[in-house]
Amino acid sequence: MNGYGLYTLFSKEMWRFLKVSTQTLLAPIVTVLLYLLVFSSVLSGNIEIYDGVSYASFLIPGLIMMSITQNAFANSSSSLIQSKMMGNLVFMLLAPLSSLEFYIAFVGAAIMRGLFVGIGVWLASIFFVQLPVHSFAIILGFAVLGSAMLGATGIIVALWAEKWDHIAGFTNFVIIPASFLSGVFYSIYSLPSFWQQVSYFNPFFYIIDGFRYGFLGVSDANIMTSFLVTLSFFIIVSVVCLWLLEIGYKIRE
Amino acid sequence: MAAIRIQQVHKHYKQLHALKGVDFEIPEGSFFGLLGPNGAGKSTLINIMAGLVKATSGSISIKGHDVRKQWRQARQSLGVVPQELVYDPFFTVKELLRLQSGYFGFGRENEVWLDELLEILSLSDKANTNMFELSGGMKRRVLIGQALVHKPPVVVLDEPTAGVDIELRKMLWDFATQLHDKGHTIVLTTHYLEEAESLCDRIAILNHGEVVALDNKQALLGRYPFRLLCLSLENHADIPTSLQDKVQSFENNQLVLRLHREHDTVSDVLESLRSAQINFVDLHTQEPGLEEVFMSLTNKEATA
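Sequence order for the protein chains is A and B.
Mapping of the first sequence onto the working numbering: residues 1 to 253, in sequence order.
Mapping of the second sequence onto the working numbering: residues 1 to 304, in sequence order.
No lab work stands behind these hints: they were computed from the structure.
Where a beta carbon is used, it is the ideal one built from N, C-alpha and C, also for glycine.
Hints should not be assumed to be uniformly reliable.
To be verified - Interface residues of chain A toward chain B, partial, derived using beta-carbon atoms under 7 Å:
no.	residue
1	5
2	87
3	94
Let the hints inform the model, and build the full structure from the sequences given.
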């Protein structure tokens, strides 16, 4: 194991997004706060999704998790595609770094960016509503698993992508719709039964539902089901990601 | 032990058979030139050495470490200066060297060497400059620095002087020579045959994915059966028919004849000129350069 090499690659990935934190941290936090401002002020008086839970309290955990996953995906995918396009990926490929070390460094940095954005949104949301905390361990567990899953997905998509356009396409046509239509803004029980059924096939639903349970102690799905589904998706995505890195898919011909 | 051992390496890219059983060794401590026209397979071979491309069959080892099975040791033994001017625009020169050194497992203890590298490459005053602010020549020097952070015993320079100015080219030549003097094995691919001729002690010529020549430089040069006879004529003249097939060039009264070492003698040529009443004011002979050897070997292949 090249421990120091792994640490260096992880630091480099951290450094990369911290150097442009206005774009990578501040901008997503502001975007989510705008959602919060608009939706909570428009809908707060009208909707109570769970008994005794205000709409803002329901919405904020969903928004936090949505921003965590979107930013985790953006971090690993944009870093890797940029290295591929600029050609500087070669420096990592020439170094004695294994697929696992590469995976841990990239996913680790994606988790960190997700957490930074998530914590930022949480702190800013204090001005709107004081969120309860049912279980900090569940909140952290889902935040880490969700961002790791999307970080690994980002690596897979960037390995496959041949240009920025492919990343943008995947982000806009898969990641954003799947995270929007996953119960961030509503309980899936308020949907027609067909769309309820569809939601059960969306991994984002379980990530967000489980994460929200960590705050509110109530959720649409059973917390254990959400945890196992999220864990399973994380494992599947990680195995695919590690396999693609090991065979050098589109990076080592 | 050979610095690099290449055994029966084949590489197929769909229809293209890019390397056809390449098999040779690069001796330790040599300054090795890998030559060949565009598309000959030089970069593919280097990329297989570096682990950037996988061979379809065959194997390569660096200092005895197989590039596939013992890839960590093989990569620790090899420093590659890529052909393209690639860089990470997020970082400064020093940060990039630190990162590269870290990837190879070196921490703070390597700082002294990194500073020395900056000094040798005349980059000390640019240590804290962002990569995108550097000129092309400076970026090229940073690439060399990145290849040397882990003090690899084998250094591959893939077309290092393509498109660089004369001053930088000279600096790169001197630097490569210094590395070689310090005991590094150097592998150089280049389009400039003059470069290989003045630097390399052993040369392989690749053409269409095959090694068409592999020898010490002197032996390789000796293989070419011609030498050149250069004459400055007094006046422009018609060259006698008997010499026409030997004319390599004839411009501004400067006549260059290509003579076969065994079949043509200088005295016969001079006699023919005298009979045709052609006077010359100066003459000298010239041994063939790598360019002639290269052209004859690669053309022979092309027409075979």
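Hints versus structure:
no.: 1; hint: 5; result: holds, 5 Å
no.: 2; hint: 87; result: holds, 4 Å
no.: 3; hint: 94; result: holds, 6 Å
Violated hints are absent here; each numbered hint is respected by the structure.
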